[in-house]
Amino acid sequence: METVPFAQVSDVVWEIPTSYKQGMNVPARLYATKRLLQEMDKGVFEQVTNVACLPGIVRYSYAMADAHWGYGFPIGGVAAFDTEKGVISPGGVGFDVNCGMRLVRTNLRFNEVRPKIKELVDLIFRLVPAGVGVKGLQNFAQAQMGDITKWGVKWCAEHDLAWEDDPEHVEEGGYIKGADISKVSRQAISRGISQFGTLGSGNHYLEIQVVDPSRYFDPELAKNFGIVHEDQVLVMIHCGSRGFGHQICTDYLRNFESGMKRFGIQVRDRDLACLPFNSREGQDYYAAMVCAANFAFVNRQIIVNRVRDAFSQVFHKDAESLDMHLIYDVCHNIAKVERHSFDGTNVEVVVHRKGATRSFGPGHPDVPAPYRSMGQPVIIGGSMETGSYLLVGTKKAMEDTFGSTAHGSGRTMSRTAAKKTVSGSELQKKMLERGIYVKAVTMEGLAEEAGMAYKDISEVVETMDRAGISKKVVALRPIGNIKG
Amino acid sequence: MPYRFLPDVALADVAFEARSSSLEGLFEDCARALTDVMVDRGTLQPRVERSVTVSSESLDRLLYDFLTELVVIKDVESLLFKDFSVTIDRSSSSLKCVMKGEEIDRERHSLRNDVKAVTMHMFGVKRQGNEWSVTVVLDI
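Residue numbers (our numbering), protein chains in the order written: chain A, 29 to 512; chain B, 2 to 141.
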């Protein structure tokens, strides 16, 4: 850190000037408390300044408070590129296209769910397949893939797989425009076709949560999201586009590497492969990536359908009576074409958010009508042990960060180190003592996701709140968890 | 040890380094390492035999495409393999691998992490004297 010339912009914003590295087109901005900055993975400083060197980047290359090393772009990175002069990069989105968070409310209180938590978690574990190479319970025909990946949750609503108001509670109304299945390989389709409604593994989870009464920051805003009790129970889902998205990223990284030679683009790191957004290859990747994004929305939708069924069975009421509406669904690995204004200019940019969440403020037309006066819900998932947060987007995020904020707590310990520190069964027991019932496909995988392997989520959230780029609404603590 | 995991290379993911006196051995070790990330291979039975052929423009790409093919088979056919026998034709940069394994069974197999993708990070097959080596980073 001694060698990186940070200029302090505010108590939680730091800038690395373009003089730091040859070829930087814009400065880098990092959102962090002094402590988070000191503890930040040093790879982030290299990577955020490498991204600043890419053609057509606008304003700043950002790293959010949860940033850590990733392939090419840091996880927790945000970068906007001019759609005319700039690039698009598969590494700026990540392998798991539209990995994201979905939050569903219930009208149940903690005391009603606590006695049934084991039954509930065990049932969801059966209904929502998780882990290595698992098949989903929902089968679609290959011929339907074009429509599914074009229309996302809207398609689900038209086929009795979503409630009428589900699509509007998903980012972009449940589907991103511009999908084209002809740009997706046969292999990607084969990998994804049977994986709808599956959770995956790694850091993906499905969690039953309860509002933390001691951190009920803004009851008025919470009420507008349908959270009216200090001990209300919610369900959070963290997963993405499964093998479908992973293969699309794999395919296009390969295409991009050869394409770069033709466009004469040189990058500091092979993982930063990028091509002009307006090139044929750039547009093809965008169309395929959008298919994967819409696939992920549908994947989370099918999972929610199973969760609604499970609650309905356990509580002997239909899901409508349990008020199990979506609060929101956000992408945190995505590139999207958006218009932004700053310093008196208005630009169309392709905003890459890799481990970062959109945080559109009040009044923005892309915030669904019921929430427009408040701002878009921002869902920040923590580790299994430490809990999660619901926040809202702000006008300041629109002004400062292309409407973006952090996405989670960020890893600080390797998987191997975590396994050496704690065993899965030990962790499961400890969590049970703390009132969290966990069901995991693998005990080793469980140990790898222990809370101590992650940054303090509260400090991450506090940083974004203090920077004004998202505002805390309520903290949520886990009571039941399903891990793939 | 034909391969070893490198815990400090990719914090959120898995990296390994493989070394072998033959190119075929290197490819087989990489396939074993990849599989060991996903399952305890000791819990797999050789019930199904499959073969794959892969050809690519370079040796690096050949290994990358071979490992990616195993990830694809895991998702498409739910198959994991315990034994690999690779033959490589370097003149045409192609390979054939005969594999024995079985369909994933959550009850019988000790499953670990799903592998999303093989990455190109640090990837490159090297030869020093009589030893072949490679570092592979897997996205988890």
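Just so you know, the hints here were simulated from the structure itself, not pulled from any lab data. Each hint should be verified, as a subset may be incorrect.
[As the list claims (entries may be wrong)] Chain A stretches covered by chain B per the calculated footprint, using a threshold of three residues with CB under 8 Å from any CB of chain B: (1) 49–57; (2) 154–162; (3) 288–295; (4) 355–366; (5) 471–479.
For clarity, every value in this text was computed on a predicted model and none was experimentally measured. Note that CB positions come from ideal geometry on N, CA and C, so glycine has one too.
Tested hints:
1. Counting residues of the segment 49–57 of chain A whose beta carbon lies closer than 8 Å to any beta carbon of chain B gives 0, which falls short of the minimum of three for the stated coverage.
2. Counting residues of the segment 154–162 of chain A whose beta carbon lies closer than 8 Å to any beta carbon of chain B gives 4, which meets the minimum of three for the stated coverage.
3. Evaluation of the coverage hint for the segment 288–295 of chain A: breached, as 0 residues show C-beta separations to chain B shorter than 8 Å, against a requirement of three.
4. With a threshold of 8 Å between beta carbons, the proposed coverage of the segment 355–366 of chain A by chain B is violated, since 0 of its residues qualify and at least three are required.
5. Given as covered by chain B, the segment 471–479 of chain A passes the check, having 3 residues with a CB less than 8 Å from a CB of that chain where 3 are the minimum.
Of the hints listed earlier, those the structure fails to meet are numbers 1, 3, 4, in rising order.
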